[in-house]
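Q: One letter stands for each residue in the lines below.
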Amino acid sequence: MLNRDEDILKAAEDWQKAGHGVALATVVETWGSAPRPAGSSLVINDDGTFLGSVSGGCVEGAVVTEALDVIASGKPKMLEFGVADETAWNVGLSCGGTIRVFVEKVG
Amino acid sequence: MKIEILRELNAERAARRPVIIVTDTATGEQRLVKARDIAADPLRAELAKQLRMGKSGNVEAGGKKLFLNVYAPTAKLVIIGAVHISQALAPLARSLDYDVTIVDPRTAFASPERFPDVPLIAEWPDTALPPLNVDHYTAFVAVTHDPKIDDPALLHAFARDCFYIGALGSRKTHAKRAERLRAQGASEADIARIHAPIGLDIGAVSPSEIAVSIMAEITAQLRLPPKEKEQAA
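Protein chains in written order, with the working numbering: chain A, 24 to 130; chain F, 7 to 239.
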């Protein structure tokens, strides 16, 4: 995790309090030259608003889409991005790394 | 993540107390472990290791794959003395992600010209230190060579249980300092916590080299397990 992630977790708490559906996406594993370390997170609300970062911009769009599903279903998901999965997800990490991102609902 | 866990996580982080969130990534099942509860936890060895490294990671336990997400506070470095060594120490510590503050009541030393990018408090330690919330996640370094400034600052560092306390001066200087601190109520355990002479013994000569030796010693104190720490010191 990055030490300065504090504000985004507070935002997740505040969004939930304000009645939003909220999801938390966290990098749980990285291989190769992944841009953000394990523990980095992204918080997403049901407007599609998000804060934080799991990849420095490469896959955030796809994570947000999946997070909206997770908010609707309540079921956590594991996503994998990287060279190997480029065709499956249509997004990849240009840096050549691979990351696994755990997406869960808050609440 | 249950909202109760998120609230507790945010409260602990605001209080600068380390926590680890343990997640079973297959089921989403989750729990929060506070640093002070690690010793009694079934995963204590893994939790203690990840926390010491300040690093999140995966472990397997009881056939489950668990993700340990470590939330450790940003370490602070408080430097007592706006001296030449501090001019090298402050930028080095910042590059290692420490929040750095310098305290020195002598305004000729504590000038923004000498320290353009560092929070600088030109007050006596008794005034400057209480608002800084010096805590366990603080490395504390006293380098003025002036007992009037260093001594009260060191007493404050003892009271706040800083993970590293170092003071500049030879063995002889340090022996005198220990006497003065004892007279002011410091215990033997307090005195034993001071790293003096300060820094790892790498033959440092210039202020920049001394800064390297100090940051190396602080890093060892932060990251090494207790036994290896003794060997490094």
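Be aware that a few hints might be false.
Said to hold, decoys possible - Computed from the model, here is a short list of chain F residues facing chain A with C-beta under 8 Å:
#, residue
1, 9
2, 15
3, 59
4, 62
5, 64
6, 115
If you're looking for bench data, these hints aren't it; they were derived computationally from the structure.
Bear in mind that the values here come from a model prediction, so they are computed numbers and not experimental data.
C-beta: ideal position from N, C-alpha, C; glycine also.
Q: Take the hints in turn and mark each one as holding or not.
A: Here is how each hint holds up against the structure:
no. : hint : verdict
1   : 9    : holds, 5 Å
2   : 15   : holds, 6 Å
3   : 59   : violated, 11 Å
4   : 62   : holds, 3 Å
5   : 64   : holds, 6 Å
6   : 115  : violated, 30 Å
In terms of the numbered hints stated before, the structure departs from hints 3, 6, listed from lowest to highest.
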